[in-house]
Amino acid sequence: MLLITCPYCGPRPELEFRYAGEAHIARPEDPSGVEADPWGEFLYNRTNARGPYAERWRHFHGCGRFFNAIRDTTTDFFLATYKVGEPRPDVPARAVASASTGGAGER
Amino acid sequence: MSAEFRLPVGGRIDRAKPVRFTFDGKSYEGFAGDTLASALIANGVHLVGRSFKYHRPRGILTAGSEEPNALVGVGRDEAHYTPNLRATQVEITDGMVAESQNRWPSLAFDVGAVNDGLGRFLPAGFYYKTFMWPAGAWAKFYEPVIRRAAGLGRAPQAADTDRYTQRYAHCEVLVVGAGPAGLAAALAASETGVRVILCDEQAEFGGSLLHERDTVIDGRDAEAWVAEAVATLCSRENVRLLTRTTAFGYYPHNLVGLAERVTDHLAAPGSDLPRERLWQVRAREVVIAAGSIERPLVFPENDRPGVMMAEAARIYANRFGAKPGNRAVVFTASDSAYRAALDLKAAGVEIAAIADLRPDPTGAVVERARADGIRVLPGTSVQGTSGRLRIRSASLGAVVGGATETVPCDLLLMSGGFTPTLSLFSQSRGKMAWDEALEAYVPSVSVERERSVGACRGIYGLAEVLADGHAAGVAAAGKGASDGAARRFTVDAEELGHSGHRGITPHRRDASRVKAFVDFQNDVTAKDVKLATQEGFRSIEHVKRYTTTGMATDQGRTSNINALAIVSDALGKSVPEVGLTTFRPPYTPTTFALFAGQARGELFDPVRTTPIHDWAAEHGAVFEDVGIWKRARYFPEGGEDMHEAVARECRAVRESVGIFDGSTLGKIEVVGRDAAEFMNRMYTNAWAKLEPGRLRYGVMLREDGFVMDDGVVGRMAPDRFHVTTTTGGAPRVLNHMEDYLQTEWPDLEVWLTSTTEQWAVIAVQGPKARQVLEPLVEGIDLSREAMPHMSVRTGHICGVPTRLFRVSFTGELGFEVNVPANYGRAVWDAIFAAGQPHGITPYGTETMHVLRAEKGYIIVGQETDGTNTPDDVGLGWAVGKAKRDFVGKRSLARPQMQRPDRKQMVGLLTSDPATVLEEGAQIVADPNAPLPMKALGHVTSSYASSVVGRSIAIGMVAGGRGRIGETLHVPMPGGAIAVDVVEPVFFDKEGERIHG
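Just so you know, the sequences run in chain order B and U.
Per the numbering used here, the very first residue in the first sequence carries number 1; after that it's consecutive.
Per the numbering used here, the very first residue in the second sequence carries number 108; after that it's consecutive.
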């Protein structure tokens, strides 16, 4: 079970959270003015990155807030969590897990 | 009288506490502190099971949880029966009833052993190759027969009556394994004051130190050192000690699952104790001190009862005072077996010979054995063994050729060296590396914050193991890592070399005719593994699955390195090139009940009930599950079946008045300066002009334009909406609203509150509804003029504040009385009493469904399936075309969403009014068209309507509105049913009754 750090409440077990898809996909200001193809992109196409992936989570059984996270999809480790509206933080391309989430590194 | 093979002195058993138990119906005596295996050995019993596939007699191979052979069923009755327990782990208790498995009619005479003679016809992949014909026979015939003949224990026949509990725990350092490395780590870590949990699967801490005879640590003998270490740990308040506790699973972010066996070792456990306790431990750092496992040697007939791991025999003699035999042959490739031979000789076992694979064994322990008069045969291997239910002799011959010698024995001890136990490390997704010097896989790159210490990372000398554990404990605690990290332990112990052997041992027999077992539990031989490579399997993962080696409940802890070496030889590749298979949880088999914990029976799933639930139960309601809600489905009277009850309830609503519990409807209070703007964006409808006091039916779409939910919404004030949702949709709708509010439009000043549990909803529906409610209501004018259809008023009913909706999901004059949930039952009782003169009739969800279908009102989730636009289900009128934007609007404009051949909602009438269509049935144009025929759509709702006087149905049909008047067909097993396509309204088409 993952340990996820809610930017409002701190580290909590995965059971309290719900996944909410890829982050930083803004709804167009005026959807009616968007052509068919870009609208299809907006609706359906996701990056599904291998490695660090910016995604949305909601602390459903906690504060109820949506927030963003960078998770390495190859290790499941969270590299950062941050509030909605904040820019995506820089994280190393394939970081080993941070001190708070694991990874004793090579020995 | 003590058992025949019990040594007169020694061991950690309590000779003052005899324990009687039965095995296969025969009574035996052991002592407190015995395992079932040690007690049986003390009674001279080695034959304890039959093998999985060939039903060969099998004995006790090991002394630990890695045991592949000695699997037993234990339990005094069916409710306490557990199959497949390892006799090497089961602690005996007075009155224990244990039995062997996979044999019929008896362990000594087993009919299934015929498979052994048929062995050449049962090669690897046998099932895949043989039982291919006829099609269908696999599931019906072959598999059941094979499953019965090949297998493990049987499932218990009665429900488990024991209690199982679960706990969460947090610590800075979790130490798994309490041998020398684990104890040293726990001592060092806990000394810094951090929280430490130390667990071990055995009944007592100490690991290998519990069976050392002449080892001295820091001036104390090993057992005394252990006692002192445990006493020190006990005295520290920051330490939790868990014996009989298996770390079975390593999960992400240092969550480790521990299975604590609380009462199995007690003859009469207190009723306040659970049988097992699941610990979910979140540790900042994990120290794995899992030790190592001795490797069997793969030689012909290496599986007879009496063939045992050398170290296991030493454990039985030294720790349990049980002599595993009278005359032993030792077959080894490592020094440690010499130590075992010496200890067993001291215990009175005659050592007939030590056959050593190595051409020139040297070293202190070898010389000690020679000096003790033991016959050492260098460069010698076991060519085979004899004996049916117990080994009788071993045939020894030089590796390089020459004569063989048959040596009588009742015990054969083997040692191929030791394999570090990597299971938990592998589960943590750490990378393993092949160590050339050690000739073993060891932990290499960690993923989690864990460290392996001692033998499980290939460190074997006791002084080094203790120092390694200590250093890891200090480092894991994270305090003062530099000073005190290195500590020296003064140890006086036997110095051993660490050579070993992997794979098949050399012999001069015909390899195609002998059985040399690699995986004892799954009956996989060296021949099977080689055959797999001959048949083209190259990947160790494929060989594993094809031969099933390493796939038994022991996960190949005694077998996988040998299998790997055989594959490596056969393919001419090095061991690291072949790779290693992955270990997965659980480390040892774990009971289902442990995971279930308290979540059984009534506690399996939460149940939601409404304030009117008890009334409904008292009035004989039949309930249905809607999500986790219990809803009254119908109220049968005087032996009515569902159809009769529903027909009566429907007539009552149409003719007089019915009362219905709508409390499960989802409710969300939408409040704030921008509430109307928010509603405008979330629903298809226009809300700006809806006046306070009015209701509107709202349709909610997902961004892709498909109907997500619907419900009636009341505007209570300019800045306040009372939103209702479908019963199952409430959390989803609130999440959807929160998502947009928090992430897309944080500038809107709106607050969302779930009020589902706050309001009880009592629907009063029918021509007499107003007459029933009028006398109970204060401050609200219910008249047609003052309170028209789709309006909402606040006031009081029976003295209780209410939001009174005039709304109808039946097509009749209707009201929905919202009152605070705590008053729900009282108001319901009052309305029911007031309705008596009018014959007020309680109705359930089934009647509600029929009534709304008669009117063609949809149910989201029944007519819709997540691919329907509002227009598809006849709700185009609810879409605010003039609105600039709402969630889903842009998607509705996509060309695919406007195609005329989209499935559209229509009514369906069968030619025979008595025929009720099946919901979900397909609809076609021509039932005689060749297969596969194209389905035009499907039936979504279908009922017998007592009011209409015939069956009615709703369906989704391609271009359905253009087909009204056509006849289509519903193919069914008994023949196609013709249906006329009609408007989906079957009653009061003009809609006048609702305004009554």
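It cannot be assumed that every hint is accurate.
To be verified - Pairs of lysine to aspartate or glutamate residues, derived as EDC-like cross-links and limited to a Cα-Cα distance of at most 20 angstroms, are as follows: (1) U:796 to B:41; (2) U:988 to B:41; (3) U:990 to B:35; (4) B:83 to U:599; (5) U:990 to B:76; (6) U:538 to B:76; (7) U:452 to U:111; (8) U:988 to B:30; (9) U:988 to B:76; (10) B:83 to U:854; (11) U:990 to B:41; (12) B:83 to U:856; (13) U:996 to B:76; (14) U:796 to U:810; (15) U:996 to B:37; (16) U:962 to U:888; (17) U:680 to U:709; (18) U:680 to U:846; (19) B:83 to U:845; (20) U:637 to U:571; (21) U:996 to B:86; (22) U:680 to U:851; (23) U:737 to U:762; (24) U:996 to B:29; (25) B:83 to U:851.
To be verified - Computed footprint of chain U on chain B; a stretch qualifies when at least three of its residues, placed anywhere within it, have a C-beta under 8 angstroms from a C-beta of chain U: (26) 1-12; (27) 32-38; (28) 46-56; (29) 76-89.
Quick caveat, the hints were computed from the structure, so don't treat them as lab data.
Note that beta-carbon positions come from the ideal geometry of N, C-alpha and C, so glycine has one too.
Ascending list of hint numbers which this structure does not respect: Of the numbered hints given earlier, those the structure breaks are 1, 2, 4, 5, 9, 11, 13, 14, 16, 17, 18, 20, 21, 22, 23, 28, listed in rising order.
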